[in-house]
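Can you build the whole structure from these sequences, using the hints too?
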Amino acid sequence: MVSRIIDSMTTISPDVRAAMIAAAERQLAASPDRDIATRAVCEAVGVTQPVLYRLFGDKNGLLDALADDGLRRYAEQKAAQPRTADPVADLRAGWDDHMAFARENPALYQLMFAPRPRSHAQARRKIMDLLEATLLRCAAVGALRVAPQVAAQLILPANVGLALSLIAQPELFADAGLSHRMRDAVFAAVLTEPAGDAEADPVGTAALRLRAQLAVSGTAALEPVETALLDRWLERLQAPGAAGHA
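Residue numbers for the sequence shown, in full-length UniProt numbering: 1 to 246.
Read the hints as simulated data drawn from the structure, not as lab findings.
Here are the computed lysine to any residue pairs in the SDA-like style, where the Cα-Cα straight-line distance is at most 20 Å:
#: 1; residue 1: 126; residue 2: 64
#: 2; residue 1: 78; residue 2: 158
#: 3; residue 1: 78; residue 2: 104
#: 4; residue 1: 126; residue 2: 157
#: 5; residue 1: 78; residue 2: 128
#: 6; residue 1: 78; residue 2: 110
#: 7; residue 1: 78; residue 2: 121
#: 8; residue 1: 126; residue 2: 94
#: 9; residue 1: 126; residue 2: 101
#: 10; residue 1: 78; residue 2: 160
#: 11; residue 1: 78; residue 2: 149
#: 12; residue 1: 126; residue 2: 147
#: 13; residue 1: 59; residue 2: 18
#: 14; residue 1: 59; residue 2: 116
#: 15; residue 1: 59; residue 2: 107
#: 16; residue 1: 59; residue 2: 110
#: 17; residue 1: 126; residue 2: 154
#: 18; residue 1: 78; residue 2: 97
#: 19; residue 1: 126; residue 2: 90
#: 20; residue 1: 59; residue 2: 27
#: 21; residue 1: 126; residue 2: 110
#: 22; residue 1: 59; residue 2: 42
#: 23; residue 1: 126; residue 2: 216
#: 24; residue 1: 126; residue 2: 99
#: 25; residue 1: 78; residue 2: 156
#: 26; residue 1: 78; residue 2: 93
And the structure:
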């Protein structure tokens, strides 16, 4: 047990807050019912319960803080993953890494991704941004059939939903190959075939690819206002059915 010091002005060290979040995480991971006891958290850190109430309000506030901290650390972990020259391979690896994190941290994952009305973690947006960045790279090499934002809105909920289902009802989703099959099914809806899709809109696909390439690499050939105008044209051309109205 580590003793924590609160000065006479009742200013609480940031280290105390971090220690309480860490203690709550350890207790959550060890709990068979995936819950925590505030008294045990306080005892583990060496503070009284009024300190917890001051820092977090109540137990739900502590759990919100733990969820936000978990999301922040997970986003940092995702951001640190090395990129390869193959964005589609990186996309597949991202799905698999997400599932691995859920398997290794089931209680924390469930807390992180279950709806928490009082949580305002910016890391949720960061996780989506990282996925969209990988999808933008896919679009830049002609591997994406829809806009990166649309693809991300399909992929992340599927990834999270499957992970939560595996945690909550492992006996119902016991097939070891389920994650890869679902991954491939979702990716088939957003990725082009390696040899090209005969039914795809060639103009829309080309516009999507050029728009993504400009977003990734930029160009010195156009003035900013010209680049903005071209981006607007490309956005209109990549809309479903746009070529049919040309």
